[in-house]
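Enquirer: Chain residues, written in single-letter form:
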Amino acid sequence: MLLRLFRRHPREWGPLEWLAVLGIGVLVAAAITIAVNLAQGPGRCGDDLRDIDGDCVGVTEEAFEADPRVESLIGAVADENARVRRDWEDPSSGPRIPYVRIALMMPFTADDHSAMTADMIRRGIAGALAAQRQANRFGGPHYQLLLAPDGRNLDQWEPVVDRLAELTKDTRAPLVGVTGIPSSTPETRKAIAALSRHSIPTVGPVITAANMNSPYFFKTSPNNDQFARALKLYLDRKPARHRGFLVWDNRSEDVYSQNLRSVFERHFGDAYDLTNHNSNFTGTSGTDKGIPQRFTDAVQKICNEKSDTVFFAGRDQDLPAFMERMAQEGSCGRTTTLRILKVGIGLEPTLTGDAPRRWLDEARATIVDASAVDPAWWKGKPKKALGRFLDRFEEIEAQHKLGRSRSTTATP
Amino acid sequence: MYHDAFTLLAGAVDRTFAEINEGGKKTPEALSIPTKDDVYNTLIIPSIAGDGCSSCLVGAGGTYGFEGPGKNDQWAVCKPVPVVEFPSSARSGDPGAPGLYRTYRNGSGNACPS
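Keeping their order, the protein sequence lines are chains P and C.
Everything in the first sequence is counted per our numbering, starting at 1 for the first residue and increasing by one.
Everything in the second sequence is counted per our numbering, starting at 1 for the first residue and increasing by one.
Just so you know, the hints here were simulated from the structure itself, not pulled from any lab data.
Do not rely on the hints blindly, as some may be mistaken.
Here are the computed lysine-lysine pairs in the DSSO-like style, where the Cα-Cα straight-line distance is at most 30 Å [claimed, not checked]:
#	chain 1	residue 1	chain 2	residue 2
1	P	Lys169	C	Lys71
2	P	Lys379	P	Lys401
3	P	Lys169	C	Lys25
4	P	Lys289	P	Lys190
5	C	Lys26	P	Lys169
6	P	Lys379	P	Lys232
7	P	Lys232	P	Lys306
8	P	Lys238	P	Lys379
9	P	Lys238	P	Lys306
10	P	Lys169	P	Lys190
11	P	Lys190	C	Lys71
12	P	Lys301	P	Lys238
13	P	Lys232	C	Lys71
14	P	Lys289	P	Lys301
15	P	Lys232	P	Lys301
If we strip away everything but chain P, and leave its shape as in the complex, we get (with noise of 0.2 Å):
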């Protein structure tokens, strides 16, 4: 049939040779692009995650292309997560165990103006995983701990969201909850605004802005008010000569930064002088906006007014370059130490290696911060949920070289 439609010259072909031409090429085109995207496999994102801007997004329980730092711990969750799935699908011995699915929402990739480094993002990753790992040893349900990651700086968390919301209609394995959110910023607000208008509970590890706040949005952290009231019994108890300056980031859009700076001014403005007493400098975290961490201006009016208490409003990226500043000054005649308050989590090893503690000691200084957990805590024998969490933990560091001992590297 086909062969008789063809044997005419193209130039005497009518309308039904040129359909049939047509219909032939979309058949072939379709069979050629099957056959590369067969050849090519899932993608170095894999199924679940789309490429977009260079990083890898969306959610999933499997392992993907992200920071080469961070591959081996995303490959460490997949496993456990394949065990879940196995224990409920295809158990080897005993009965099905059913699982649920918890998201950790976060960027897996890092660059120099990223919203997590890759050593936070690796401590991320193995601090939910040390909590799964626990979990999963109990009876009860399972986890499986979700990638759900949102764009290197934060940007990307439309559709993971809309994916996650998806994910918590599936009756038999649901999204029950989320977790990450690494880091107050514009974005972030809208993302935990979004997850609670799908009545999404959400967990913020790390969130310490006062004004981060949403319905369904829980927050294990102290913030940042709490975190002053800490400093004050401090401050109450250790005065010294009472000469205050503040440090501020000056992005404006850096919800953290804002949000810290302003509880400094309200809490210690007054007595310390702070609207006399301040300088500000670019943070490197978000968009390009000149060159960051300029901290001159801030260092020599530190020198000149012998101030002997920094209240440094900024994020820890940011504080090594102000430390290592403050060396190059010295002790600039101070006769006393110089404490430079800071809140946090917890110490950042960032600012405790040698080449910190050796700036530190140049500049006659020390840091002082109110932080959701003290490393002395994990000395001697732990008692209770700490001891479970660095027996899990000090697995994970042994296995992906975390590198780091267990005073300065976790973070629960």
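Guided by the hints, dock chain C onto chain P, whose structure is given.
Expert: Chain C only, in chain P's frame:
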């Protein structure tokens, strides 16, 4: 605090699962599985009564709880807040040590569980 955040959710799931499957042995296929709404309803039950704690989060960052819907914007209450010096010169005290600042607790004379 990623460990504690996951543990808070998993603890709420476990309590919900135990309650909705009370009474009688069921096959795995017949067990009721909590939904996000069930878990939320568990999370908003106040976890601290008086100076005792019935369902506080016993986490790596101490023992703490939540006050219930509409109170304290879902920030943790009774969370210990140590002040840490580096290089270290003094300890802040154990998570339950007296004198250690703990986050806002409404009512009951600000009592927090040890």
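Enquirer: Each hint needs a verdict: does it hold in this structure or not?
Expert: These are the hints, each one checked on the structure:
1. With a CA separation close to 29 Å, the supplied pair Lys169 (chain P) and Lys71 (chain C) stays within the 30 Å bound.
2. Note on Lys379 (chain P) and Lys401 (chain P): the hinted pairing holds, with a Cα-Cα distance of about 20 Å set against a maximum of 30 Å.
3. Between Lys169 (chain P) and Lys25 (chain C) the CA atoms are separated by roughly 26 Å; this keeps the pair inside 30 Å, and the hint holds.
4. A C-alpha spacing of about 23 Å is found between Lys289 (chain P) and Lys190 (chain P), which places the hinted pair at or below 30 Å, so the restraint holds.
5. Among the hinted pairs, Lys26 (chain C) with Lys169 (chain P) is consistent with the structure: their alpha-carbon atoms are about 23 Å apart, no more than 30 Å.
6. Of the pairs offered as hints, the one joining Lys379 (chain P) and Lys232 (chain P) holds, with about 27 Å between alpha carbons and a cut-off of 30 Å not exceeded.
7. Between the alpha carbons of Lys232 (chain P) and Lys306 (chain P) the distance comes to roughly 21 Å, so the proposed pair stays at or under 30 Å and holds.
8. Simply put, Lys238 (chain P) and Lys379 (chain P) have alpha-carbon atoms about 26 Å apart, close enough for the 30 Å limit, and the pair holds.
9. Annotation: proposed proximity of Lys238 (chain P) to Lys306 (chain P) holds, straight-line Cα distance about 17 Å (limit 30 Å).
10. Between Lys169 (chain P) and Lys190 (chain P) the CA atoms are separated by roughly 22 Å; this keeps the pair inside 30 Å, and the hint holds.
11. For the proposed pair Lys190 (chain P) and Lys71 (chain C), the alpha carbon gap of about 21 Å is at most 30 Å, so the pair holds.
12. For the hint pairing Lys301 (chain P) with Lys238 (chain P), the CA-to-CA distance comes to about 23 Å; that is within 30 Å, so the pair holds.
13. Our distance criterion of 30 Å between C-alpha atoms is met by Lys232 (chain P) and Lys71 (chain C), whose separation comes to about 24 Å.
14. Annotation: proposed proximity of Lys289 (chain P) to Lys301 (chain P) holds, straight-line Cα distance about 24 Å (limit 30 Å).
15. Restraint check for Lys232 (chain P) and Lys301 (chain P): satisfied, since their Cα atoms lie roughly 23 Å apart, inside the 30 Å limit.
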